[in-house]
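Please assemble the complex out of the two chains, which come individually in their own frames, going by the hints.
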Amino acid sequence: MIPPPLPQSLKTTPRLDRWVCFNADRTVTVFSGKVELGQGIETAIAQIAADELDVALERLSLVAGDTTRSPDEWYTAGSQSIEIGGASIRLACAEVRSLFLEAAARELEVDVAELRVRDGTIEIAGTDLRTSYWDLAPRLSLARDATGAAAVKTPAQHWLVGKSAPRRDLRSKITGAAYVHDLELPGMVFGRALRPPSYLAKLAAFDADAIRAMPGVVAVLVSGNFIGLCAEREEQAISALRAARAAASWVEEPTLPSATEVGDFLPALPSVRSLVYRHGEALVAEAARRFEASYSKPYIAHASIGPSCALARYDRGKLTIWSHTQGSHFLRGQIAEVMGAAAADVEVIHKDGPGCYGHNGADDVALDAALLARACGRPVLVQWTREDELAWSPYGSAMVVRVAASLDATDRIVDWKHEIWSHTHIRRPGWGEGINLLAAWHMDPPFPLPPAKDVPQPTGGADRNAIPLYDFPAQEIGYHFIADMPLRVSALRSLGAFANIFAIESFVDELAAATNTDAIEFRLRHLQDARAREVIETVAKAARWKTCEKGDGARGRGFGFARYKNRSAYCAVIAEIEVGAALRVTRVVAAVDAGRVVNPDGLTNQIEGGIVQAISWALKEQVLWDRERVLSRSWESYPILRFDEVPDVEVLILSRPGESALGVGECAAGPTAAAVANALFNAMGVRARNLPLTPDRIARAME
Amino acid sequence: MAETFKLRVNGRDCEVQAEPATPLLYILRNDLKLKGTRFGCGEAQCGACNVLLDGNAVPSCDTPLWSVPGHEVTTIEGIGGESGLHPLQQAFIDEQAIQCGYCIDGIIISAVALLRRERDPSNTQIAAALDRNLCRCGTHVRILRAIRAAARAMRASPKT
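Here the protein sequences line up with chains A and B, keeping their order. Numbering follows the numbering used here, in which position 66 of the first sequence is assigned residue number 66; successive positions increment by one, without gaps. In the numbering used here, each residue's number is its place in the second sequence (first place is 1) plus 1000.
Since the hints were derived computationally from the structure, they do not count as laboratory data. Even for Gly, the Cβ is constructed at its ideal location relative to N, Cα and C. Heads up, a few of these hints could be off.
[As the list claims (entries may be wrong)] Cβ pair distances, simulated, as ranges:
{"hint": "1", "chain 1": "A", "residue 1": "L524", "chain 2": "B", "residue 2": "N1056", "range": "51 to 59 angstroms"}
{"hint": "2", "chain 1": "B", "residue 1": "T1124", "chain 2": "A", "residue 2": "R273", "range": "47 to 55 angstroms"}
{"hint": "3", "chain 1": "A", "residue 1": "A343", "chain 2": "B", "residue 2": "E1118", "range": "54 to 62 angstroms"}
Next up, chain B with everything else stripped away, as it sits in the complex (with noise of 0.2 angstroms):
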């Protein structure tokens, strides 16, 4: 039976009405108009639908609606968008770090997880924070470069 949840998405509250068991994949792109997020295997085994839960990047097609409340969400909207990119938009951009950009999303938000941790990361910390993450269009070394590319931009105005 569907059942009410109030959620905190991008900084706003938010109540969606679903079975507790839905993805939150669903929930984001389906109800929330939250198309960002990528739909990719379901299995949690490739990282396009990443979101931020409490600023740690996770796979939504394998979290259920249920564990979300109490937590805070980010979607690559609430990354950057309308209001002005993000700085590892930005730098992704700069880079033309993108081919098809179907896993791009997933991997931004795998990398703002990383670069929150670790402000100057190695490039073996960002191959391995990008350990769940696949790329098909073999984008990767543009991806590595725009990620370093941001991480100095990020040092060099720590506001954003």
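If we strip away everything but chain A, and leave its shape as in the complex, we get (with noise of 0.2 angstroms):
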């Protein structure tokens, strides 16, 4: 039998103890890439690597995301965590206990069927004989390939996978010391970046020396726009970031758009169209209805709770990087290129920070120690502001959709159409061509800024899921890729699928309406796909839903769903909302098929925190700007949903434990943007388009 083709990160590491390894005190390392962000994957990863082993889960511990003990996985994002790095996980662990039971067999002289694992001792059910992983480890190598042709678990062995194992790391966080930001090196200094005030503004006067006489001060680091510094205390480096934030002098222009208002400026802008997708004939003369819309979103922030940290160490040529960056891999290649160094004299271990939701500053502030643990000769932390992680982080792309269909006599689609307007939905250190690290844009000389480049079908960028899963007869897909950015971009959770699902979901829901037919009825109507039709019918059940329900003028219910990328975990959402002087989500119910689940309380969490978020979102975000500064730059300027905002939320999981795993960290924003608008238009017949949909924008929907 051909094996099925390795996992990605099997290919690139292939050899078996690069991921797996025996400790003389009868404990087991696990070695992986994807790295833990608040979304859980540390548990998860042990769980299945545990399982395939049989070993005890306190038996197993992991390093990950550190360049050299690690696999390069990649990054840790797109949801593929448990996709890819879970499956090479497996795959390995059951290569390597099959070699296991295979050298247990020979030593014991009995038939491999015979034996069982049980906590890594290897035994002959009802005899004394046995043996372990540990006993062998010093006997049996694991350099070599793994070839993907040992047997996974069935689902009916598997013992801890499908079961809600606790986080490992959850202790740590809520008692001390637990991230990036708490570690201490012996002499280690505190560093702060001074960032200019707006993206393109040069430096023309700074006092550097005046700082560098402040109290504690240890070094001052001016590199064209670059400005960082180091003190012995954490205050006097405030207090001397103050004082240069006063005494440096910059030349600003005004580069941004007049307007923020998406709709209004970003399909203006230069823009070069490519088809995404399409099939069938557009049978719009035979069509009985012509139907379109237009669709925005706005530049939304990751917006994490702690603002980015690194600490750097510099030591005889070597750099050491600890950092919460999603790919220290990647990072270590852009930073030893920014400062000139051999990958190999450069390290970067993750450590956990703050949650990042997608291509926050953490990369940046790695850069930032790096180039000033150079620049005083000690071991520096460097903490980013407030300001700083809502400012000059990258943004998720601000994106318009616009999208047309034709309904024929029966009321069914008959084409279906769908543009979209936007930037790239990445621009990670690593990804393409080029350093996408901020101060190496502002040192001198400055490293030039990359070309822009998307992610490509058929997971997509600002395409991502815009090809609807629904069995239209003909579509064409669009996208306008705009190179240009005013602002700068990146990855943030569900990247393009966001924007595209609200609009696909939101847009079915106007057909729907049109044709007086229910919303969910309407839907069902154009979808064969089985996994798809039992999520929507699951969550309609639970939440009760009643064909064609109205709203009362101030409550009602909307509906939304998608398969992310149409490849990974299906979603459907029931959203609730009242509408007083606020839009205020009260209940939301989800259903959700990932195939088979690890830990179905960890996927829980990641829908659950991953609809609360989307609503924020779709609620309340929005970054604004004038035209030389962007103005979010504290919670003030750039609210987030609150306490007393969050609706009651009930997750169901459907049990697929015979399909393979899928990741779920971000399948459930676009359906639940699309239920809360959908539910406006069921509570009061206003149809919003444009987010956030905040008061006065429904008000404006309403005129």
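Okay, structure coming up:
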């Protein structure tokens, strides 16, 4: 039998000893490139490995995102950590287990089929004959490539996968030191970077010596438009930063769009259209009715609760960086290039940080720390400010989506057109050419801004989830790619899927309303995918959806659905809202089919969080600017959802133990936003097509 | 100029030397190595750095060192940890009411202050007590549940 192709991570790092190690103290170390971001992946990966190896979870520790010790597994992103990282660990562990069973069978002179593994001990039931992974390990080299030929466990054999194992990292996080922010090294100083006041501001004058003379200041580094400083004590670094900000004078240009309403400026920017997808012939001539509508979402900030932070040590030409990056190996390569060092002289070690939800300032601050560590010769902990985290981290790109469709005489959708205007949705360090690190663009000589390149299909960037899962006989999807980026953009949880699903699911709702058809019934008419139908029917039943139910002028319910990337988890959402002074979401019910579930409670936590975050995006969030500067610089100017605005949330998981495990971190965002907007229409007959759904936008939509 | 200040933190007396205007946050984190008090905004807008000052939840980023002597400071480490978890910490683990966790210590501090005033708070009271706390992961639903569970547990065993 030819084994199926190895997952990408195992192709990149095939050697089994790069994944699993049995230690002399009868513990197991598993190496992973997928890092803990607050999504619970450390626990899920450990569960997969412990289950496949038949070792108690407590014996197993994980080394993740360490460029010296862990495999290079691309970024921890895109809801792929379970699908690819988990699948790789699973195959590697299955093969390791199989090799040990063969070795045990030889030593014990029995057949492999007679052996069983119990917490790492390999034994023959009913006899005293036994050995273990640790007994055999000195004689069994794992310095060999994975073949993928070993059989993984069947669903019935799992004892830990499918169970809600508690998160392993939580206790330390609520009792003291836990994050990169909390690390200390002997002789460590505190660093800060002074960012320019606007994207293209040029430093005109700065008296560095005045800052150097301040109490505790150890070093001030000025290179082009980059200013960084270090001080003995953190409050001294903050005082020096404040003084530096007051002392620096900059020349600024009005480079930002004159409008902040996305629909008013984005489609007018120069763009190049490419065809994303087309099938069938548009039957417009036969169509009874044609509809079209335009939707938009603004630039949205990652807005992590903890501003980015990194610790760097520069010692005799060797640089070690502790970072909450999503891509340690990429970051190492980029920092080495900026510093003019060999990659072998740079080590990046992942350390947990606050939730990032995509590409925030984590990588940028690592370069700040590296530059300052080299400049001052002592270990430096660099902490970004709240203002910089909001104003200098990349944003999720603004988008405009125009949708058009035709209905035939029987109220079926016979053609569908979906046109997107967007910047790229990824500019991570290591994605494409050039250097994608903030300080590198500011220092002298600067590294040029690399050309933008979005994620191609089949997963897509701006066009992620632009192809409807519905069976429309004719479809055409176009992407107007805008190369210029007046604001800094990169990956934000779910990329373009958020806006595309919002548009598709809003528009389908509009068509259902235009035909006086129940919103769910209308969708099911156009949907054959059995798993999709079951997810939709499950949520409708759980929420007691009533056919063609009407809102009461203030309260209403709406529905939204998607299969993330059209190849990952299915998610259907029903939102209940109430409109008073503002739109308030009161209850959300969601159903999810993510195939085989590794940790049901962890999955539920991700879905709940995705729903609440999407409500925050949909109701409140929008980056604002004037002609020169970003104005969203604090929690006052960039408000997010608060505790008194949060709905009740219920999540149902469909059990599919026989199916592949699918990533879930991003699947709830689009369906939730659509369900909220559709609920507003259901409640008040108001169709709001431009996010966020703030009171004044709802009022404008009513006009 | 740095001056010497006598503080009482987590039931212990200690002495630190720093500028009088230094925010308590950095004294706790860097001088006393109490890292569970987290920097979130430095502008008293997010609650990540909350500590108890004489039993009231306050943002330590906005509390100057000179104002602290004579008051009792409690950080998350003083709420519970090595010697056993506080019922609120236990409830957060039982309910898995944490994603990234960065906001949670400040939220637990706000909840400790609430449950000292109000043994059986309503959801509205809990949300009001957390009005100065932000969470970005969207763990709110579980956080509210954990606080209710902790309140129940504390009513059942009033000693804690």
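Hints, verified against the model:
Between A:L524 and B:N1056 the Cβ separation comes to about 55 angstroms, which falls inside the hinted range of 51 to 59 angstroms. Checked against the hint of 47 to 55 angstroms, the pair B:T1124 and A:R273 passes, with Cβ atoms roughly 51 angstroms apart. At roughly 57 angstroms, the beta-carbon separation of A:A343 and B:E1118 lies within the given 54 to 62 angstroms, and the hint holds.
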